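Colleague: The listed protein sequences derive, respectively, from chains A and S. Our numbering numbers the first residue of the first sequence as 1 and each following residue consecutively. Our numbering numbers the first residue of the second sequence as 1 and each following residue consecutively.
Hints in this document: simulated from the structure, not taken from any laboratory. These figures come from a predicted structure and were not determined experimentally. Watch out, some of these pointers could steer you wrong.
As the list claims (entries may be wrong) - Taking lysine-lysine and the DSS-like style, the derived pairs with C-alpha atoms no more than 27 Å apart in a straight line are:
#1 A:Lys156 <-> S:Lys87
#2 S:Lys89 <-> A:Lys44
#3 A:Lys399 <-> A:Lys384
One letter stands for each residue in the lines below.
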Amino acid sequence: MKNVDIVIIGGGPAGLAAAIGAYEAGARDILILERENALGGILKQCIHNGFGLHTFKEELTGPEYAQRFIDKVREYNIPYQLDSMVLDINAEKVITCVSREHGVQQFKAGAIILCMGCRERPRGALGTPGERCSGIFTAGTAQKLVNLEGYLPGKKVVILGSGDIGLIMARRMTFIGAEVLCCVEVMPFSGGLKRNIVQCLDDYNIPLYLSHTVIDIHGKDRLTGVTIAEVDSHMNPIAGTEQYIECDTLLLSVGLLPENELSEMAGVKISPNTSGAVVDETLQTSVPGIFAAGNVLHVHDLVDFVSEESELAGKSAANYVKQAQQGTVSHRQVVMGNGVNAIVPQQISFTPDHDVHMMFRPRAVYKGAVITASVGEQTLYTKKARILAPGEMVNFTLKKDDLTAANPDLPLTVEIKEAA
Amino acid sequence: MNKMLTCIGCPMGCQIEVELDDNGNFVSSKGWSCNIGKRYAQEEVTAPVRTVTALVEVEGRQEPLSVKTANPIPKGKIFDCLAELKKVKVHAPVAIGDVVVENLCDTGISLVATKNIL
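Use the sequences and the hints to build the structure in full.
Modeller: In structure tokens form, the structure reads like this:
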């Protein structure tokens, strides 16, 4: 068994930024384990532009954004091992990994950074009835087939769900010569960014049916069509609104789930709210020395924020290894008040050594509401927002001095105060 | 003549109604709630542009090369440009930023590689 100061699980945007963050904080004995044959993660297949506006002040495509981080990892000579699948992590921070080149390997880590990202909800998670024919793909799988493997997955396409990957794929399928018939969304609003609705659907006259879903799937070998219907406010299909659509391909863009099997093996406490680890402001999980960042922690809208968060996890892991942060730290709990969902971090030490970046998702659409963070009567943050929606994550920063000065007996409450 | 647009400035997504004269020139707009929307509406009806990202074939490889227009091109030329790309075949190696096609479909804008192929 080999000892390594910091092992990073995953070489996507989170893992790359975590490695850079750890290196820049002084760590030198770092190893990135990546299960695919190249670094970059999901960015490799995201060939559309719009990445990096926040970090680099220019719009990059996914591969270009990833390459900037890969170049830095190479410049720092940070070791990485490709084609290496981590099978197990335990609470003693022993990592078991398998690869064609090295067989089974074990590493004893000083600190681990979980950067496994997320995975798409598949058909099985939806319970859509119908036949089990070919031609049904998650949007991300279709994206990989088209952008990395050069295939055309189908010619007449229906998209179920209006998440961003589905919208991006509506445009991509149109570009490569397929006919995209419609995008069907069960909610009365789209989960995708406005920009994507306009530039991926409206630009190509692809209709978006809100409050509609697929209720039946037809086809013996290959998909031949789907039946869609309107749904009521309880999401039950309304009789009489059924419509048959002939198609050979159904793409699913119905949500992302953090991939935490390894985290659970290590005994990391998972929040039912984010489906990611419970962390403090250093991004340390419930297991000392194990950190989490990126989409494995909570699903982000923008990769720029994944990179920022992961750099912090890298720094925290480096500090942990230097023993600066070892020992038990007591925490103030973060409480989600009205309208607040999926907040990260869920706890903050009483004397944080840096300002704390908070992120959450609004539970619904709010107009002219006020976001506040307070400890008892003391307000630490307040801001009016013209519009809040579940599709757009809310970010704000709390000052470390304000947090240190706040009453230690009370939790931090974050809430949305709705307009009267 | 009137045209409806959805503003992309923020999640609000204001529905903007733009009034055009008989020659399709911008006259006025309403429905926006800030200057971003006001500006977007005028630009979008007078000269809409988009950055196009696409794929081109690489000689002897299954994996295509991802490419983008170095600057946004007129929206009306997107499908002409895509048709042009179908005829393009590049040879490895290719590096990010390499020009794949110059002056794509007389737009004055070049098509550049967005990934490295060794």
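Colleague: Work down the list of hints and note, for each, if the structure agrees.
Modeller: Checked hints:
1. Of the pairs offered as hints, the one joining Lys156 of chain A and Lys87 of chain S holds, with about 24 Å between alpha carbons and a cut-off of 27 Å not exceeded.
2. With a C-alpha separation of about 21 Å, the suggested pairing of Lys89 of chain S with Lys44 of chain A holds against the 27 Å cut-off.
3. Restraint check: the Cα-Cα separation between Lys399 of chain A and Lys384 of chain A comes to about 18 Å, which is no more than 27 Å; the hinted pair holds.
Violated hints are absent here; each numbered hint is respected by the structure.
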